[in-house]
Amino acid sequence: MTPVFFELRNSVVGVAGLGGLGSHVAAALARMGLGRLVIADFDVVDTSNLNRQQYYFDQVGMAKVDATVANLRRINPEIAVFGHQVRLTAENISEIFGGVDVVAECFDRSEQKQMLVETVLLRMDVPVVSVSGIAGYGRSNEIVTRRISDRLVLVGDGVSGSGPGVPLTAGRVGVAAGHQANAVLEMMLENGRKKERRSWQ
Amino acid sequence: MAVSSVLKINGLEREFPSEGVPETLLDLLNALGICHSTVVAEVNGRIIERQNFVNTRLEGGESIELVRFVGGG
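Just so you know, the sequences run in chain order H and D. The opening residue of the first sequence carries number 5 in our numbering; numbering runs sequentially from there. The opening residue of the second sequence carries number 3 in our numbering; numbering runs sequentially from there.
Just so you know, these hints were derived from the structure itself, not from any lab. Some clues are possibly wrong.
With the Cβ distance kept under 7 Å, some of the chain H side facing chain D (calculated, not the full set) [claimed, not checked]:
(1) 118
(2) 138
(3) 143
(4) 144
(5) 171
(6) 172
Quick caveat, the model's predicted, so the values are computed rather than measured. All C-beta atoms in this analysis are idealised placements derived from N, C-alpha and C, irrespective of residue type, glycine included.
Can you make the complete structure from the sequences, with help from the hints?
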């Protein structure tokens, strides 16, 4: 067991949004051995999600938080997951993600991305890995990870917004989610945060 | 170049020769055609809350970072 293993097991990550990005980032972190996750999404699983989000046909209609908790427990029964079926706002973000070591911005709408990144940078002291520009097909090599500032990392091509005729697809979203999970891990290790843990053990 | 006619935006110097730099950060975003609701902004290393774009005055010579978000996730 490596130092990375122990760092992961003793870390907490907040995942904002459980769509194409969040559902995959959460699963990747669980598989890598992350100890604790705080996840938030108000939405329920829809059949239209199944083309790119990590849910299954028999989960349609379930709250995404509940479906994700179930999926993560099947991957890694030891992971602790704290789910919030809420709409995240500037007012509740620092409370819901209080105590996490890194935040993963996995929203769909650009205004929500702006709101979350601004709120984490202003009201919290942890890094945030955000995503912008992952729509369309193929072009894997155009998805990049960029360190924007001390606490902000940005994944994506920066320009490919989703919209009519420009769908989100499993391949490209998957590439971005992999970048994001890796960046979350790297920020976690770089900072080696030894925050005081809550007594949820 | 007078300081009051130049801004550094995302690492690149940009001149505003005829009228000087825009008065406020919001004016700058409008001049650049950037929607305020999808951009995170730093002026001289300090992040500016979106509701304060309109009353963040620019004198010229500032270093400004603008991170634009597009939808999809």
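Here is what the structure says about each hint:
| no. | hint | verdict |
| --- | --- | --- |
| 1 | 118 | holds, 5 Å |
| 2 | 138 | holds, 5 Å |
| 3 | 143 | violated, 13 Å |
| 4 | 144 | violated, 15 Å |
| 5 | 171 | violated, 9 Å |
| 6 | 172 | holds, 5 Å |
When held up to the earlier numbered hints, the structure conflicts with 3, 4 and 5 and fits the remainder.
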